[in-house]
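Asker: Listed below, chain by chain, are the residues.
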Amino acid sequence: MEQMQTFLAMGGYGIFVWPAFALTAVILIGMLVTTLNHLRAVQSDLDRLQVPEQTQAQEARQ
Amino acid sequence: MSAFADVVARDLRLALRQRGDAVMVVLFFVLTAMLFPFAVGPEPNLLARLAAGVIWVTALLAVLLSLERLFLADFEDGSLELLVLAPTPLSLTVLAKVLAHWLTTGLPLIAAAPLIALLYNMDEAALPVLMLAMLLGTPSLSLTGAVGAALTLGARRGGVLVPLLVLPLYIPVLIFGVAAIDAALAGLSARPYLLFLGAIFLVSSVVAPLASAAALRQAVE
Amino acid sequence: MNMHRFANPGRFVRLAERILPWTGGLAVLALGIGLYLSLFVSPADYQQGESVRIMYVHVPAAWMALFVYTVIAAASASALIWRHPLADLVARASAPVGAGFTFLALATGSLWGKPMWGTWWVWDARLTSVLVLFFLYLGHMALSNAFDDQSRGNRAAAVLALVGFINVPIIKFSVDWWSTLHQPASVVRLDGPSIHPSMLWPLLIMALGFKLYYVSLLLLRVKGEVMAARLRARSMAALDAT
Numbered sequence: 001m002e003q004m005q006t007f008l009a010m011g012g013y014g015i016f017v018w019p020a021f022a023l024t025a026v027i028l029i030g031m032l033v034t035t036l037n038h039l040r041a042v043q044s045d046l047d048r049l050q051v052p053e054q055t056q057a058q059e060a061r062q
Numbered sequence: 001m002s003a004f005a006d007v008v009a010r011d012l013r014l015a016l017r018q019r020g021d022a023v024m025v026v027l028f029f030v031l032t033a034m035l036f037p038f039a040v041g042p043e044p045n046l047l048a049r050l051a052a053g054v055i056w057v058t059a060l061l062a063v064l065l066s067l068e069r070l071f072l073a074d075f076e077d078g079s080l081e082l083l084v085l086a087p088t089p090l091s092l093t094v095l096a097k098v099l100a101h102w103l104t105t106g107l108p109l110i111a112a113a114p115l116i117a118l119l120y121n122m123d124e125a126a127l128p129v130l131m132l133a134m135l136l137g138t139p140s141l142s143l144t145g146a147v148g149a150a151l152t153l154g155a156r157r158g159g160v161l162v163p164l165l166v167l168p169l170y171i172p173v174l175i176f177g178v179a180a181i182d183a184a185l186a187g188l189s190a191r192p193y194l195l196f197l198g199a200i201f202l203v204s205s206v207v208a209p210l211a212s213a214a215a216l217r218q219a220v221e
Numbered sequence: 001m002n003m004h005r006f007a008n009p010g011r012f013v014r015l016a017e018r019i020l021p022w023t024g025g026l027a028v029l030a031l032g033i034g035l036y037l038s039l040f041v042s043p044a045d046y047q048q049g050e051s052v053r054i055m056y057v058h059v060p061a062a063w064m065a066l067f068v069y070t071v072i073a074a075a076s077a078s079a080l081i082w083r084h085p086l087a088d089l090v091a092r093a094s095a096p097v098g099a100g101f102t103f104l105a106l107a108t109g110s111l112w113g114k115p116m117w118g119t120w121w122v123w124d125a126r127l128t129s130v131l132v133l134f135f136l137y138l139g140h141m142a143l144s145n146a147f148d149d150q151s152r153g154n155r156a157a158a159v160l161a162l163v164g165f166i167n168v169p170i171i172k173f174s175v176d177w178w179s180t181l182h183q184p185a186s187v188v189r190l191d192g193p194s195i196h197p198s199m200l201w202p203l204l205i206m207a208l209g210f211k212l213y214y215v216s217l218l219l220l221r222v223k224g225e226v227m228a229a230r231l232r233a234r235s236m237a238a239l240d241a242t
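Protein chains in written order, with my numbering: chain A, 1 to 62; chain B, 1 to 221; chain C, 1 to 242.
The set of hints was computed from the structure by calculation and includes no laboratory data.
Honestly, I wouldn't trust all of these hints.
Computed footprint of chain B on chain C; a stretch qualifies when at least three of its residues, placed anywhere within it, have a C-beta under 8 Å from a C-beta of chain B [to be verified]:
#1 138-146
#2 158-166
#3 174-182
Just a sample of chain C residues kept apart from chain A, beta carbon distances all over 12 Å, derived [said to hold, decoys possible]:
#4 11
#5 21
#6 29
#7 56
#8 66
#9 124
#10 237
Just so you know, even glycine gets a beta-carbon here, dropped at the ideal spot from N, CA and C.
With the rest of the complex left out, here is chain A (with noise of 0.2 Å):
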């Protein structure tokens, strides 16, 4: 318990040390999940766009 409070105090710079890496992280994570969501909404759009042109061709066809 005490090993992790002295670790997490960083010798007195717990208070930057943390707020870097922290940030790291969340800027790290969001850029990927960011780029994750478009992907996912570009490859919805394409389906949607798809299903109508199949459908169309199979009334074509009737």
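With chain A held as given, fit chains B and C onto it using these hints.
Answerer: Coordinates of chains B and C only, in the frame set by chain A:
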């Protein structure tokens, strides 16, 4: 070469017809510089220390203000397409237009700078260096600014975009322009800074016309 | 015409999907090891104490800020010269990531500066150049999104990136000069030239992790741009059909 002179003459004629533009630039320059004493107080020593920086920053902003008219009128009335298709190399045409722009903005600014130096109680001994630094520095501002003006033709919110594109690129001119005057004020040689300003001018007179020409071609495509 | 235009990007997407698990996995591995080494194994600095650990995220972020700008400039050059359709997309996909790294470098630099210098911001040559770089990124992003026609925006941004790339060394040089004019050279050096191996290894592994992360993210983002271009072409076609 005569095509070059034609473009310069034409742009100068246009600028002369719209004298208001050039006057506005100088007015903006003096007016903005006049604001600082109200902001920081009229203490003569402080103002003398600030003079070089204020002159350069306000000159940068004044040039920025005038960049829009560099290509916009030609872009809107279609004469830009003629310039692009003309047999003269487009970068040479750009150089001619930049020269005309500098003659109608940079030169008046240089003429007005001693007035601000006077208002700011700057040591007169540094005046020649101030003029020389502006003579070497302001052409780079027009050249670099031309790239920004050409790139934003037809852009949404082109007017607010130009400062974002151009101001970071103005930093070296600002640094060496102020450093030259500070050196002269401190009784040191301003030569190295003036040489740097000259080097920046040379680099930008090669890079900026090429980049502007590429941007103009994209704009009329 | 569409087939020709997207044949190349289509192959890219398939290739990207094959590479992605590797780069992504290695990125997680390198970042994990780097994090462990930098937080638990590496020693505290005799001068800066434990605050030196900020270096392990600050310095890789600053390196990436420059590296990504170089990638954008190289991609822009090949987009303008060879009109390679993927090069535009690489530049476009990289810019926000580079801006993210630059912001990270600035913010962690500020967090490191507070205990070292006593203030959040010092007009130190290094920090100032990174700040200017951040504005170059913002300008690039704003310009590439300023046109109704996205390809015009991409080409304009490519010209800007090349002009900016030529200017980066000039700006760096002048800011260094300016900083030596105005400040005594006794400012604490954030990362000295000689660095002990016990600190160098965690730093290098973290930097490798950042680079792999960027490559993985770039593959994903370029794939997204390719799909978005396909989407635009298809919705155009759908509009034409009706």
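Asker: Taking the earlier hints as the rules, which of them does this structure contradict?
Answerer: 7, 10
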